[in-house]
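Here the protein sequences line up with chains A and B, keeping their order.
In this text, residue positions in the first sequence follow this note's numbering: the first is 1, and each later residue adds one.
In this text, residue positions in the second sequence follow this note's numbering: the first is 1001, and each later residue adds one.
A couple of the hints might just be wrong.
Unchecked claim - Taking lysine to aspartate or glutamate and the EDC-like style, the derived pairs with C-alpha atoms no more than 20 Å apart in a straight line are:
id, chain 1, residue 1, chain 2, residue 2
1, A, Lys3, B, Glu1125
2, B, Lys1011, A, Glu95
3, A, Lys3, B, Glu1128
As the list claims (entries may be wrong) - According to the in silico footprint, chain B covers these stretches of chain A (three or more CB under 8 Å from chain B):
id, segment
4, 43-51
5, 75-88
6, 100-112
7, 126-140
Bear in mind the hints are in silico, worked out from the structure with no lab data behind them.
Ideal placement from N, C-alpha and C gives every residue a C-beta, glycine not left out.
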Amino acid sequence: MSKIHVSTIINGEPAEFLCEPGQTLLDALRDELRLTGSKEGCGSGDCGACSVTVDGRLVCSCLMLAAEAEGHEILTIEGVANGDELHPIQRQFLEHAALQCGFCTPGLIVAVKALLDSNPNPTETEARYWLAGNLCRCTGYDKVIRAVMDAAAEMRAQ
Amino acid sequence: MAYDGNKVDLKVVGTRPVRPDGVDKVTGRATFGSDFYLPGMLVGKIKRSPHAHAKILAIDTHKAMRLPGVKAVVTAEDFPNIPSEEAFMGEGPMNFRDLSRNCMARGKVLYEGHAVAAVAAITSEIAEQALELIEITYEVLPHVIDVEAAMADGAPLLHDDIFTAGVEPKPAKPSNVAKRIFFGLGDVAAGFKDAEVVVEGRYTTQPVHQAYIEPHACLVSVAADGQAQVWASSQGQFMVRAYCAKLLGADMAGIRVIPAEIGGGFGGKTLVYIEPVAFALSKQSGRPVKIIMTREEVFRASGPTSGGVIEVKLGAKKDGTITAAQVVLKFQAGAFPGSPVQPGAMTALAMYDLKNTSVTGYDVVSNRPKVAAYRAPGAPISTFGVESAMDELARKLNMDPIALRMKNAAKNGTKSTYGATFANIGYVETLEAAKASAHYKIPLGKNQGRGVASGFWFNIGGESSATVHVNEDGTAVVATGSPDIGGSRASMAMMAAEVLGIPYEKVRAIVTDTSSIGFTHLTGGSRVTFATGMATIQATEKVVEQLKQRAALTWDIPADAVEWKDGMAIPAGSNAGAFPPLSIADIALKSARTGGPIVAEAAVNAQGAGPGFGTHICDVEVDPETGHVTVLRYTAVQDVGRAIHPSYVEGQIQGGAAQGIGWALNEEYIYDKNGKMDNAGFLDYRVPVASDLPMIDAILVEVPNPRHPFGVKGVGEVPIVPPMAAVANAIRSAIGKRMPDLPMSPPKIRAALDAG
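Use the sequences and the hints to build the structure in full.
Here you go:
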């Protein structure tokens, strides 16, 4: 079967790639574009390590076909910082030590960004339910949630 | 340079700087096991057994080999058939033959998911097709999953050469019971005779997976001359090298293992599954081979820890003094011997100062994946039983559960059931802190309950190497051989900065490969900050000595007339002469004139890891309609010796508690009648998610360990020991029923409520 040509915008820049018809967006990001910040933890949409946004909407890139990205705008973890300047969410994760192994971190940060872009002032409960699709086995979520709440406050103040 | 663990004027130790690998991890740049690519790289995949127990009659790989794009196919025939040989490289016993046969089945498959063959192909799709083309003829055998069924006479036998060890005389017939062990003190029968109150219980736990979010992944490139490079996510690059060398019959010098960032391990990455397979495929194909496990493979073929049966009997006087304790443990080892029943037995009663004890343990094979270490291996299982029984004893005596524990707590000088005599321990301090906590005083509402439980873990030291380089600009690099699983690079840099007297930001810590640093035992046993930290401190002290010598040479005074203070050489007193201070940067810049590069290494076999104790308080609310348990509040108190980076110490405690809560309430391996796992995915094997948990308060108690320059004790494992009993005791308090079987899932709670 021949490959499919896909044109997208990834992290604000035009990107083209060829993919197999059955290839997931996650595999295309990683294997074709070498954007390896998105991780596969399960391949079934249960862990959230592959979280990206498509036109601003949070998705598990392991559950979306790469060919479906045609014409859409994708944000991955590689596009969250503004050049050398970390996003407040990234900085708060570091300051709160909200990561241990760091494997779930890219997906968590993308998911937190999607939350705060749509709800700048979430309650702790709202943050916990929003992030229920992002598994972290190391932290017990305590420091993650603290980082989210402080990032939200910082972003509101800006 | 003498450090005193009680010294308080530390400048870096005890602060909370950003970890050195932090920015890479929040920006997606960090490279984990699956993030490496090489030119000409092939995709490796593994064919796995669909049966729980079967003889392999034939394997035909011809069709797979002929598929265009397939470059290698391997089976057990491509690995040396190595004899039984004990190896102690991880957090538990290991046998090279068993490990080889776990990586690739030979003659028999012992569990569903057992590797039988593997392929390497130019694409993932072709590799999948090739797996389908491998024809395997099986003779299906009866299987056994449950531990007590596996122990019974007439149970299907997994191995015909297991004769229960530790039983005299040696049994004449083989069985699934690999080993019987015993620990004890005094006279248990007399102790129970003295008892005024006795409680007895039978508790069970299910196997649970470490459930690190990163599936196992590696990339192996074997050249035509046999030299190999391995990129792998593991808890020990030296462990990977040793196992690859042994399982492939290769020399260690020809294998260079480069540690990837590790996406969680918790003990589950202290052994190999795919690295020897990728090695064999690369050798056969002459090309680099990458293998990444799927989540389903991770569940079916790696990890978990044992499920177990824990029988506990405690006798006490009316004042709470325990007169006798008897524990029987039956642990599932999975397909090969090596459950953590020994540490389970050793830790079972370690928290208490007891005169009459008896702990018997059985290591039992069954048709499940071979168990791997999981955080304080064995201790959470035995402790769930003992700490549940302690709660029952407190109820029977009408005593506060903390008071009962205080009455019997191990103290300095206590001889434990497993043999050690304790020194510098902080168990009582954790009980006092728990009792004094705000949490313990919060009133409870309807359907709510509070539980308390404690836990113990040995912590280990062992072999570590570290190198410290002073760079030309006066900054420093610390290289160690310990994979950083939770922030240990930050601790290494902090300890080196403290000794050098320079800011943390001027020291970089890295984890390096097997050809660039001396041997280092794997990251496990809560050993890294203690043992690798000690190597780092010693190497840094040697560097400081060199710096002082260089200053002495510059000033033309004796080296012992130079002092090192705040990152600078200064004359020691007025007799030494009047010289302006020389900073580390001044000395480094001119090092060529004073003897060349300033580098030191230290290799240690660290002894004196202080044992760790923790006490947890859990509040729950039980929904009487659904049986669902909500954890309302959770406080974890732990003696940590001294926290180098308190945030990462708290993180270990919070993460361990969360894993324990999952073990208590949700997690388990579920099998169908054919011995196949029913829930091999994160949807059905449910680990705690953010909305399942409250904030977890970590209270650090610091009783310094005098055997470490900064007082460090291991911290990573203790926190998973108390939670199962803490949750069970809270549920007992909320619903008036003892839940002896994990997980305490809604159907079981409903059934207990319905039983009236």
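Problem set entry | Structure versus earlier hints - violations, ascending order | Violated hints: none; all satisfied.
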